[in-house]
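Chemist: Listed here are the chains, written in short residue letters.
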Amino acid sequence: MGLNRRDFLKAAAGGGLALASNLSPAPVLARATVTRLPDALGILYDATLCIGCKACMAACKKFNNLPPDLCTPNSLWDDPVDLSAKTVNIVKLYKNGTGLAKDQEINGYSFVRRFCMHCVDPSCVSACPVSALTKDPKTGVVHYNKDNCIGCRYCQVACPYLIPKFQWDQAFPQIVKCQLCDHRIAQGSYSACCEFCPTGASIFGNVQDLRKEARRRLSLKPGTFAEYPLQRVDSHHKVSRQVTPYLNHVYGETEGGGAQVLMLANVPFNKLGLPQLPPTSQASHAETLYHTLYKGMIVPYVVLGGLFYIIYKNTTGHELP
Amino acid sequence: MTEFDRSASNRTVSKSALAAAQARSQHEWRPVGGNLITKPFLVLAALAIIGIILMLYRYAAGLGAVTNLSDGYPWGIWITYDVLVGTALGCGGYATAILVYAFNRWEYHPVVRSAVLTSVFGYSLAGLAIFLDIGRYWNGYKLFLPWTVNFNSVLVEVALCIAAYVVVLWIELLPTILEKYPENKKAALWLHRLERWLPVIAAVGILLPTMHQSSLGTLMIIAGYKLSPIWQTGLLPFFFLISAITMGFAVTVFESVLSSMAFKRPFETPMLGRISVGMAWLIVVYLVVRFADLLFRGAPVFTSGFQSVMFILETLLFLVPVLLLVSPGLRQDLRFLFLAAISMLLAGSLYRFNAFLIGYNPGANWSYFPSPGEIFITLGIIAIELMAYLYFVKRFPVLPTEHA
Ligand code: SF4
Ligand code: SF4
Ligand code: SF4
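If you're matching them up, the sequences are chains B and P in order. Going letter by letter, the first sequence gives residues 3 to 323 in the working numbering. Going letter by letter, the second sequence gives residues 41 to 444 in the working numbering.
Treat each hint with caution, since some may be false.
BS3-like cross-link-like pairs, simulated, lysine-lysine; straight-line CA separation at most 27 Å [claimed, not checked]:
{"hint": "1", "chain 1": "B", "residue 1": "K240", "chain 2": "B", "residue 2": "K56"}
{"hint": "2", "chain 1": "B", "residue 1": "K56", "chain 2": "B", "residue 2": "K104"}
{"hint": "3", "chain 1": "B", "residue 1": "K88", "chain 2": "B", "residue 2": "K64"}
{"hint": "4", "chain 1": "P", "residue 1": "K434", "chain 2": "B", "residue 2": "K140"}
{"hint": "5", "chain 1": "P", "residue 1": "K182", "chain 2": "B", "residue 2": "K148"}
{"hint": "6", "chain 1": "B", "residue 1": "K94", "chain 2": "B", "residue 2": "K104"}
Derived from the structure by calculation, the hints contain no laboratory data.
Bound-form chain B, shown alone (with noise of 0.2 Å):
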């Protein structure tokens, strides 16, 4: 049995090499952030026009059949205190000191919504074990299919946004998240939540067209009149408002490799409880590493046969016949 280490070392340089080129900066198999789809459809919410009424809140939870949350104590109505199973769109509040000012960071409040932002490179969609959650391939909208879903809760440690809820209090339980009404949208009609915005604060459309509208808001003059589009993009209902001051960022455009969801405030969006995010995605950053050590599994059978070989010389004393 002359055997061997040297054998092995040989053979588990293969893998080792593979690893390797883990550690360098440019990793040889590197999965780009995907790009945007051209058709891909998606809500614009701009906190400096939202009032805080809630009725996307109560749109979403009657189109979507969801139950009221009763959060407080002997509460009477549906108050859910963040996104759960039961809520999957939700209008929170920022306060600061006083909290008089609309749309200042000191001193005042803001308003945001929060709900998921359909990624372009979605985490949640790369994580799920059982393609349960997909991307639709035209409008990029991220759905949940019940049917394949394991609940092994992948996708909750994966999403940077913490979207996707699943009902603990449920023996047959599901994952539970917002899918831009795509039932309605298969319809011809779009998200509930952007019909029954009364202020345009929240509207729906094409992503495209909804980036422009969003850079047009930032270059407005505040203290001038502009026309606000209502429920969506391509509306011709329109309301005339004075504008107010922006932060000169769109989120969602780049973070994390970029959302459907876009968002405008003027209250710095970590204040507002959402993430900073690099430009390229998580998923993409999994998925290099992934595919480096397993493309077409061929390091795994390189390396199982090296394995082999060593092992039928070391307990058979021979050369493979």
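Chain P with the ligands: place on chain B using the hints.
Modeler: For chain P with the ligands alone, coordinates are given in the frame of chain B:
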């Protein structure tokens, strides 16, 4: 019948090989014997029953009723302890197989069997824990359908690889079961066949844990900023793999010492000493890479509050076995070998808890500490594991024959 009987000459060769194999195995391993129903066994049985009742309750009432899991902390100790730590503790079979089959160190062959046995139960029960943890278990088969599986998901690699390895481990355990029936012709025939397939089985049995133990680390990459930079790194798979192998060696030493004490058998000190030194060298490699990576990325090692404390504790636990095993004198002393093994097991376990729970922070509004239900189900699973181990060791040829 089979190719086994195809020619007369072949048969004689096979028969003598078979006899030799049996003689060798009887020489190497023997059942411990003795009473199965002892006091410790009954305590374990009680824990197992409590665990099983709670498991039934979990299926009737949902995960929220027995666990403290939440949308912020979707994974708790069932994943971190039962699956991550459980399978790493089950790496004894893997680590000793690397030594024996890949590095041709047959002097360690006597410990392979008991190592494989702990691996079988460690992995099988991790599989059970996964089944408890997934909410829609009735859809579990979708993981095996090529048209539903998402091959970009790291979790797929982990799940399929662990499932395959459980099968391989049971095949590796088969000789132990078959040898209990030396009179049975069929058993002898299968024993012989297994022996012929050994190189394939051993090779697959080394490849699979290499794949999934590293992928368990890769799982957390997609958690991004939620995992503290002290643990979030592209090297997660490397650290998980190396620490799994060192835990495999540690558990082999730990188990050998404990079973020698429990069954009043002589200690295998010199052999355990050599295994421990190999382990210490691997830990050194691990620590060098770990610190180089932390320095390179400038991770906030000392300024992360409780996470920093746990990081320092984790590092100290890794250092203890290295410090204990550098001195040749201490290496001959069973007590220090045992201590080094325990410290390594704690280090690897804490590293896993840190990388999946303690270093994981989904936001200020969330917190997690395991519920009594989660803890008792985990204890129940451990109890089942230990009972199965005791049963096998006493009834089947698992532990090395005494040399005294
Ligand atoms: S926000 Fe979360 S749930 Fe929504 S698409 Fe992105 S990763 Fe998926
Ligand atoms: S919980 Fe369901 S949707 Fe989420 S990752 Fe697991 S299988 Fe996919
Ligand atoms: S309906 Fe419109 S204005 Fe009212 S809370 Fe929702 S986004 Fe704000």
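Chemist: Compare the structure with each hint and give your call.
Modeler: Evaluation of the provided hints:
For a cut-off of 27 Å, the pair hint linking K240/B to K56/B stands: about 20 Å separates their Cα positions. Of the supplied pair hints, the one linking K56/B and K104/B holds, its CA atoms being roughly 17 Å apart against a limit of 27 Å. Between K88/B and K64/B the alpha-carbon distance is near 12 Å, which keeps this suggested pair within the 27 Å criterion. Between the alpha carbons of K434/P and K140/B the distance comes to roughly 63 Å, so the proposed pair goes past 27 Å and is violated.
Restraint check for K182/P and K148/B: satisfied, since their Cα atoms lie roughly 12 Å apart, inside the 27 Å limit. Proximity of K94/B to K104/B is assessed by CA-CA distance (about 14 Å); at most 27 Å being required, the pair is judged to hold.
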